[in-house]
Amino acid sequence: GENVEQHPSTLSVQEGDSAVIKCTYSDSASNYFPWYKQELGKGPQLIIDIRSNVGEKKDQRIAVTLNKTAKHFSLHITETQPEDSAVYFCAASRGRGYSTLTFGKGTMLLVSP
Amino acid sequence: KAGVTQTPRYLIKTRGQQVTLSCSPISGHRSVSWYQQTPGQGLQFLFEYFSETQRNKGNFPGRFSGRQFSNSRSEMNVSTLELGDSALYLCASSNGGATDTQYFGPGTRLTVL
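So the protein sequences, as listed, match chains P and E. Heads up: the first sequence begins at 9 in the working numbering, then just goes up one per residue. Heads up: the second sequence begins at 7 in the working numbering, then just goes up one per residue.
Keep in mind that the hints were calculated from the coordinates and are not lab data. This one's a predicted model, so the numbers in the text were calculated from it and none came from an experiment.
Take a look, some chain E residues computed to stay more than 10 Å from chain P by CB distance: (1) I32; (2) N77; (3) T86; (4) T117.
Here are the simulated DSS-like pairs of lysine-lysine, each with C-alpha atoms no more than 30 Å apart in a straight line: (5) E:K63 with E:K19; (6) P:K76 with P:K113; (7) P:K30 with P:K79; (8) P:K76 with E:K63; (9) P:K50 with P:K66; (10) P:K66 with P:K45; (11) P:K113 with P:K65; (12) P:K113 with P:K66; (13) P:K30 with P:K45; (14) P:K66 with P:K30; (15) E:K63 with P:K113; (16) E:K63 with P:K30; (17) E:K19 with P:K113; (18) P:K113 with P:K79; (19) P:K45 with P:K76; (20) P:K50 with E:K63; (21) E:K63 with P:K79; (22) P:K79 with P:K66; (23) P:K50 with E:K19; (24) P:K113 with P:K45; (25) E:K63 with P:K45; (26) P:K79 with P:K45.
Here are the computed distance ranges between Cβ atoms for each label pair: (27) E:G9 with P:E23: 26 to 34 Å; (28) P:S20 with E:S33: 39 to 47 Å; (29) P:L54 with E:R15: 19 to 27 Å; (30) P:P90 with E:N83: 39 to 47 Å; (31) P:V62 with E:R61: 23 to 31 Å; (32) E:P67 with P:K76: 28 to 36 Å; (33) E:S28 with P:A37: 27 to 35 Å; (34) P:D25 with E:T107: 24 to 32 Å; (35) P:S120 with E:S57: 41 to 49 Å.
We treat Cβ as the ideally placed atom computed from N, Cα and C, and that holds for glycine.
Sequences are here, hints too, so could you generate the full structure?
What follows is the structure, encoded as structure tokens:
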């Protein structure tokens, strides 16, 4: 089955810096890659996703890049703010007929003022 | 549009008991997926229901079961609870397509004593 590795497990940055979280996946048939943000006491919330026919996608301060040859994808957050502090999860899905997400173990991002 | 709701939010049970958790998806969504979240194993897929049929199942023992009703609401049941079943149980709803976004509820925190 699919396996998703996520690094780093924790990331501390200063407000205004950029943050990068990287994930690799094992199943070459995966073609859907969402990123979720989870705050304390809440369920994961989708922040951005990318599909295999796109190499990069941007939404304001957040961008995701995908390299299907190397089977890795990354989340980039620019101009970080304290409210970006949360746990971030990457996920992958084969996306055939139905969607089952395989998640990475998560990255705790701490943005210091 | 109302989000995914889960009830109850918190549960405390003792070993050997059984428990039923409920999930109401976003209006119009026909797919409900269940995930278990623990500090050690992260987010793991339990099963997915679409139009009252289980479409996919993760690698969990038969003590974990679920069902979906005609209004798309879903329940999951865990019988003969073990200490290791203590976790946050999350449900996610979507339109059910291969790369459709999955929207998560706030989860049910189950503690087994």
